[in-house]
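Sequence order for the protein chains is L and S. Take the working numbering: the final residue in the first sequence is number 233, and no numbers are missing along the way. Take the working numbering: the final residue in the second sequence is number 317, and no numbers are missing along the way.
These aren't lab readings, by the way, just hints derived from the structure by calculation. You may find that some hints are simply not true.
Computed footprint of chain L on chain S, listed as stretches where at least three residues anywhere in the stretch have a Cβ under 8 Å from a Cβ of chain L [as the list claims (entries may be wrong)]:
#1 227-236
#2 284-294
Subject to a maximum C-alpha distance of 20 Å in a straight line, what follows is the list of computed PhoX-like cross-link-like pairs (lysine-lysine) [unchecked claim]:
#3 K28/S - K178/L
#4 K63/S - K31/S
#5 K63/S - K15/S
#6 K178/L - K15/S
#7 K224/L - K42/S
#8 K178/L - K61/S
Source: prediction; values computed, not measured. Ideal Cβ positions, reconstructed from N, Cα and C, are used throughout, including at glycine.
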Amino acid sequence: MRLREHDVVATVRRLQLRELRSWVRAGWIKPARGDGGPFFDELDIARIRLICDLRKEMSLPVDTVPTILSLLDQLHGLRHQLHRLAEAVNQQPEETRRAVLKACRRLEGQD
Amino acid sequence: MSDSPYDILGVSKDATQAEIKKAYRKLAKELHPDLSPGDKDKAAEFLKVGAAYDILGDKEKRRRYDAGEIDASGQDRTERQFYRQYAGADPEGRYQSSAAFNDFEDVSDIFADLFGRRGQGRGQERAGPGSAQGFAARGADLRYHLDVEFLDAARGAKRTVPLPDGQTIDLTIPAGVRDGQTLRLRGKGQPGSGGGPAGDAYVQISVKPHRLFTRDGNDIAIDLPITFDEAVLGGRVEVPTLSGPVSMNLPKGASSGQRLRLKGKGVQPGKGPAGDQYVRLMIVLPDKIGSGMEDLARRWRETAGQDPRKNMGSV
């Protein structure tokens, strides 16, 4: 999916072009650049809808949005790496997996 | 919990619109699935709360619900795709940040290595030895979108991509690039600071359709119009391919829809075998059917008698 600015505004009805542009300027949304303006994909649209929810449904003030986005981006970054790590551990032989689990439990006991 | 929108929002039947709005906001903040990406139940609850507010938040709909004119589901809500469904599968890590494990290097160099690379300059990477601050910021990644002609995508090409800031990127489009594919240009993003490396540039490719060819992976398909006499008698016909026209042998008695294969005439990717070209025959009759052709058809109808629909049966 590759949407232009006006396609985005037509898809997300509660969004105004002025808002979309200011969100891109603020770096909340990072569309691809291309001939004649930015292009938005599914990920950008989903994120736009999330920001619409934060701003319009939850009436969050503008200056709290970057804080929430930053925390969310870190959370998704962590989730991604945790998935990757879990996958990597899973690919190890049984013995290694057990050793990792054991070490985790031992460390938890230290807290 | 009952399905009544009043129970879902936890308000009384005589709540004011302001109270309903307040209750909804409170629940929406608690339940928004994007604020708890791993919690499956929240999406369902959030939708329920949203549906309830759809009715009670609107004076007219609330009146109709109270009057029993509409049920608690109000009207169809189209299935909502939440951000978290996309954020987890973000191949370039466009929005994912690695800031949360910047300090992991205290624990292990392996982790700093593993986790340090992702994110767009928000995460900091370890600088090489001798760096004054010990940290260097990686430059931000940049994303571009590029329309590519069908033949350039199939055969490969070199393009110079103009950037908004006046610079250009020399881009080699590999033969066989797919529509929607993203090319990564290491170090072509924004410059880093404090001795940090530059970010990467990601170029997403849109392949424009072609007038004659279509593509399925490395295979190319084309519709080839043939005349009635060519179909009956067979012979050699010229077919356009990616590498120019080739002569193809047409078997006697070809039918419309029949597919012939030109082996190896599809896309030749950088590595791996080339695809094939499939030629679908389309018998085209002349614009004007002359009397000679009509006579021929009548005579043929009287003598030969094969019914091409005899195997269709009844539906």
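Check your understanding: Between K63/S and K31/S, is the straight-line Cα distance small enough, at 20 Å or below?
Key -> Cα-Cα ~23 Å, so violated.
Point to revise | Given pair status - K61/S, K178/L, alpha carbons within 20 Å | key: holds (19 Å)
**Study point:** Proposed proximity, K15/S with K178/L (alpha carbon, max 20 Å)
**Key:** violated (25 Å)
Review point. Are the Cα positions of K63/S and K15/S separated by 20 Å at most?
Key: OK: K63/S and K15/S at ~14 Å, within 20 Å.
Point to revise | Within 8 Å of chain L (C-beta), three or more residues of the region 284-294 of chain S | key: Our answer is that it is violated, as 0 residues pass the Cβ test (under 8 Å) against chain L, missing three.
Exercise for review: Please work out if K224/L and K42/S have their alpha carbons no farther apart than 20 Å.
Suggested key: violated (29 Å)
Check your understanding: Are the Cα atoms of K28/S and K178/L separated by 20 Å or less?
Key -> holds (13 Å)
Review point. Under a C-beta cut-off of less than 8 Å, do 3 or more residues of the region 227-236 of chain S approach chain L closely enough to confirm the stated coverage?
Key: violated (count 0)
Checked against the numbered hints listed earlier, the structure breaks hints 1, 2, 4, 6 and 7; every other hint is satisfied.
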